[in-house]
Amino acid sequence: MTTVAVKPATMAQALTRALRDAMAADPAVHVLGEDVGTLGGVFRVTDGLAKEFGEDRCTDTPLAEAGILGTAVGMAMYGLRPVVEMQFDAFAYPAFEQLISHVARMRNRTRGKMPLPITVRVPYGGGIGGVEHHSDSSEAYYMATPGLHVVTPATVADAYGLLRAAIASDDPVVFLEPKRLYWSKDSWNPEQPQSVDPIGRAVVRRPGRSATLITYGPSVPVCLEAAEAARAEGWDLEVVDLRSLVPFDDETVCASVRRTGRAVVVHESGGFGGPGGEIASRVTERCFHHLEAPVLRVAGFDIPYPPPMLERHHLPGVDRILDAVARLQWEAES
Amino acid sequence: MTTVAVKPATMAQALTRALRDAMAADPAVHVLGEDVGTLGGVFRVTDGLAKEFGEDRCTDTPLAEAGILGTAVGMAMYGLRPVVEMQFDAFAYPAFEQLISHVARMRNRTRGKMPLPITVRVPYGGGIGGVEHHSDSSEAYYMATPGLHVVTPATVADAYGLLRAAIASDDPVVFLEPKRLYWSKDSWNPEQPQSVDPIGRAVVRRPGRSATLITYGPSVPVCLEAAEAARAEGWDLEVVDLRSLVPFDDETVCASVRRTGRAVVVHESGGFGGPGGEIASRVTERCFHHLEAPVLRVAGFDIPYPPPMLERHHLPGVDRILDAVARLQWEAES
Amino acid sequence: MTVMEQRGAYRPTPPPAWQPRTDPAPLLPDAEPYRVLGTEAAAKADPELLRTLYAQLIRGRRYNAQATALTKQGRLAVYPSSTGQEACEVAAALVLEERDWLFPSYRDTLAAVARGVDPVEALTLLRGDWHTGYDPYEHRVAPLCTPLATQLPHAVGLAHAARLKGDDVVALAMVGDGGTSEGDFHEALNFAAVWQAPVVFLVQNNGFAISVPLAKQTAAPTLAHKAVGYGMPGRLVDGNDAAAVHEVLTDAVRHARAGGGPTLVEAVTYRLDAHTNADDATRYRTDDEVETWREHDPIALLERELTDRGLLDEAGIQSARDAAEAMAADLRARMNQDPVLDPMDLFADVYAEPTPQLREQQAQLRAELAAGQEGAHR
Amino acid sequence: MTVMEQRGAYRPTPPPAWQPRTDPAPLLPDAEPYRVLGTEAAAKADPELLRTLYAQLIRGRRYNAQATALTKQGRLAVYPSSTGQEACEVAAALVLEERDWLFPSYRDTLAAVARGVDPVEALTLLRGDWHTGYDPYEHRVAPLCTPLATQLPHAVGLAHAARLKGDDVVALAMVGDGGTSEGDFHEALNFAAVWQAPVVFLVQNNGFAISVPLAKQTAAPTLAHKAVGYGMPGRLVDGNDAAAVHEVLTDAVRHARAGGGPTLVEAVTYRLDAHTNADDATRYRTDDEVETWREHDPIALLERELTDRGLLDEAGIQSARDAAEAMAADLRARMNQDPVLDPMDLFADVYAEPTPQLREQQAQLRAELAAGQEGAHR
Ligand SMILES: Cc1ncc(C[n+]2csc(CCOP(=O)(O)OP(=O)(O)O)c2C)c(N)n1
Ligand SMILES: Cc1ncc(C[n+]2csc(CCOP(=O)(O)OP(=O)(O)O)c2C)c(N)n1
Ligand SMILES: [Mg+2]
Ligand SMILES: [Mg+2]
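Protein chains in written order, with this note's numbering: chain A, 1 to 334; chain B, 335 to 668; chain C, 669 to 1046; chain D, 1047 to 1424.
Source of the hints: derived by calculation from the structure; they are not laboratory data. Ideal placement from N, C-alpha and C gives every residue a C-beta, glycine not left out. One thing to keep in mind: the hints can contain errors.
Said to hold, decoys possible - With a cut-off of at most 20 Å between alpha-carbon atoms, the simulated EDC-like pairs for lysine to aspartate or glutamate come out as follows: (1) A:K113 / C:E700; (2) A:K7 / A:D26; (3) C:K833 / A:D236.
What the hints assert, rightly or not - To give a feel for the contact side, a few chain C residues facing chain A, derived at Cβ under 10 Å: (4) T720; (5) T800; (6) D803; (7) T814; (8) P815; (9) A823; (10) A839; (11) V862; (12) A983; (13) V1018; (14) Y1019; (15) T1023.
Let's have the full structure, built from the sequences with the hints guiding it.
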């Protein structure tokens, strides 16, 4: 057996590869969206697919998101496995009714007769200097919608594995791609893609004993950085990457928090009504007597996503995370 | 001064009266929506308005929710104060993009130059035997959207007061009307409507000392019923009616929980990613050392709203609330 | 060559790239709704077809009456009747082959029934039992669709998928006049035309969207005129003339199956009953208006044609009525049985596998039920 | 009589209630885009207007070039150029009265500038400074709109509101060919026609939605053919012929102001630059195609007409260029200054009054800034 040199790849490349492998493995997999064909998508994630599989498999649609998702529903009814690209987070909103009232519910409405294996890829989050409507974190909407899986990778390998798993899932999956990690690189060998990870398992990205940072997607690297920085303050932080918001991996998260006794939830999405509320609550419900301090949240402010020149003040950064860690009542009980 | 006999009125009547008084007080107030004119709305909340103020003030629109809210945006730009009716919760979803990307943000986008005083009335929630898409609790979506106020009355008097306040607000308000309370009656005198309540204040509906039930809208009467039933078990429950989800009245809620040391959040909306997560988390963050037990949540299950014949098993009821109260660790600390 | 490339490209039309374009003329509807009954065209109609349509109309009317009666007895939560619109409902079902698909709106249970769905299963949703009562794959009838016009892109996607797979399947999608105002109507028709998907869009223009008359819904010459804006043919038909609707839809289905792409059909009809049993139609229309339309009743029109031409006698009428009566009796009997529901079904089919969270909730409800509790009702 | 009742009711068209209807014929567009320059119609054009248009086109082209250059210098985050489309941009602004409203899409900063918005303020959004850089009420220009077609219902609502208030204000709304596929386009046009709102919809059909050519966007004969489906006139115009666009828009504005209701105008044009500076247009179109269109350049067309007719000489050309150069120099100079932003502005204008929650967050950021922290950048 020869050893293959592991070359660095970007998350975008891993996603492309996942699409390509999924399309090659199953002729039912169809990609559709705005500019996904000839152009290869504005982030080039679908680059080369139309060429390799033809425009009937990777289709430039008219510019209408409800139409894209709505026709994907019909395609799935007929046995296809559509993978839909929404060009940006905020441009998925026109498809909201189709998503909530049909995609999320069709299996349930039909008592399992009509499952919809649709993957909705949504580039999300900020930090890329995008103008308004190009940096929304919309995961709270999807999390609050029963019937959807909500998945988001933070590493190159997970991008591949989770997207394969999403496409293979017989349930609809909202697949959130952190825009600012598209160009993040990792030593991942596209020629030997890992086996497909199951959806629904969180992973401890960095073990630690003082407190747990619970996070996902674009905030994972920030938390890892914060954990490194925290060593100087004498804190050994554990970082849990959720990977899947729905289903939620209570087991891994709670095991970590029970070990450390303290936790901070970190995400870009607005705090109020955001994912952190759910996460902090369920951790508290399950680990109350292991907690030395309330589970804190570090999140985007409760404001419309700000203009690029101000976004660094909005996004949760290392300092803000460390400030929260410092508030975890290390000294005494009140 | 003669004493006016206080006759019982329904919540629907109070809402109608609020619209009428607002329209009489300010010619800028316009009502628009599907069937709001000749028919008076499917719940008859706009009954008589077209007759009294003319069809230009209370307008039957074409059947298109994004169009309704989108044109309301333009009307507000020109100085009107549109009050939009969405016929049912799920039929507000087509207007989601207009709501998120414009209604909620226009003031912010324009640095305060272009506020949008729009009230979006949304009948919401279940318990009325409605078929699918007629019983959604969609408040989590609105709460997670900065720029919107989210208000919901639980009493006849509040229906009047809060709707007047919503229409008077210079910010957009999503006004959630609990469908199953439309026909609830109270001794409220339409001829002497109360002064307008400010948005953003919760109210203690029933004082108590053992634990706090934090709730809103359709679940308020259920919680009051539960509190009565709890007396038999020796619990004296306080019931806080939030009335406004955004802004959130941390003060009133936390004062109650600090007093009682225990809390349960109750709502119909699905639990996962629902309002309860936010509420429980913020209470815990603020009252951690006053809490004898984790803040628990009693919510709808994480499922698409079920068919009428099964809804009673889905909706939070007295027993389920009392079960949660029983789990508030009354005996000992673990 | 891909499916996408099969049709001529739309070319921008200015200098320097002026190109001959799709000719709009053939896409425009006739000036008046197409009619067969009582006209010369009726002579060409197949008598057997007319008799079948008649039997189905009688059955459909009886079905509507029975379902409405069931609401009064509390056996149905709500019923949106298609009384007066039976010609459209029935023709939509009859023009399809077995392999084709029907996409009904919430008002179109009759079309589903005419296509073979068991009436009890068609009414399950309105009974409050489960959201969709039938297996959509059994008769290739999509779930009844309540969010207006959202079923139209589904029909387009399904027809497109079938075409990509090489199956000559046609999808027929139904929508009301009010539904044409929704964005999804627009997006669906556009996708269908660009993809040349084998879809037939049948708009039942019954004059109202609940209380809102067509004049407040659109200023278009006719709804069929919308077709040219998508590059598909628009057809206008008298929706109470079963033979005319059948013919126009048959043509459209044939056109679609042959690769000619989608057609928009506007059938002009009238809802004789209120919007649903819960609606009070006197608030928005006069009895006079309703009476005028009763004189253009689809059953009366067809019955006159058939009897005039000696194709139907008293016995024939009676036998159609008897068959309808038998259907109604059976429906009544079965609807009068209380459905048996299992509360634990709440958690079934939310996902292929319940999430850990749902498993917990399942256990909670099971425990509650064991303890004799009943949710909201203590 | 209410505004709603002023227009004739659409009547369902079958027996028994057959009624004369809106005649579709006058609503249909001409077979070819309307042209003025180089045709006989040019003789009727006002020389002063043509000279004004020319100066504005020169200025517009220079503005596009300058803005694009600013992206290369990192002074703009992104710029969607309207090079090649200046005739539409400029005419849209010039046909309006001061009291009218312009609703630009994200590509239409030039139209905003031509209407009087300070170029620096028009570019504020694209600079990454704030979402809308100008006061929409100052020049009655709605905020640049990025979610496609969502500005169209706003224009309808505003125009309707103005009419209800008795003001003879017209709204002109701009959208791209791609934007016509969105549901909001459909809903806006329908509302406008039903309400007879004084709106002009200007579709700049520049052949592409990013990489997607019109043939994949629509199968319609022309986009202007969509109008008849709403019951409004559709007009087709050569979008590179500034005189023609100006005339067609002027007619539409006059028609709207007189209470005649909305018009849909399709201007056939071409985007000579890439979608934005970040786009690579060679991925989806050939240089040949671009070159063909360069020969139909709006500036060249007008310049030829003006010089042929002796209405413009070298000096005139030079003076237009000088004015444009001065504008560009001023824009460059001002854009090269770093904008001063206050992070505390994050919390301004989310609501009329900050919520208690925002006050807390405000305090947090203030403390962080005092401690010398910088959010994401430690
Ligand atoms: C998206 C959406 N909005 C609103 C409704 C509520 N609603 C149900 S039926 C109806 C009227 C539909 O009219 P039309 O399309 O003409 O069909 P008809 O009832 O006449 O068959 C309305 C407004 C809905 N079901 N879906
Ligand atoms: C609702 C929505 N979906 C997608 C986008 C992303 N997007 C920005 S511009 C564009 C193409 C627009 O094409 P067109 O309407 O023809 O305008 P043009 O760019 O040619 O001026 C797309 C898809 C968007 N801005 N809004
Ligand atoms: Mg109708
Ligand atoms: Mg374009």
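A quick look at each hint next to the structure:
no. : hint            : result
1   : A:K113 / C:E700 : 43 Å, violated
2   : A:K7 / A:D26    : 27 Å, violated
3   : C:K833 / A:D236 : 56 Å, violated
4   : T720            : 29 Å, violated
5   : T800            : 5 Å, holds
6   : D803            : 5 Å, holds
7   : T814            : 8 Å, holds
8   : P815            : 5 Å, holds
9   : A823            : 6 Å, holds
10  : A839            : 8 Å, holds
11  : V862            : 6 Å, holds
12  : A983            : 42 Å, violated
13  : V1018           : 5 Å, holds
14  : Y1019           : 5 Å, holds
15  : T1023           : 4 Å, holds
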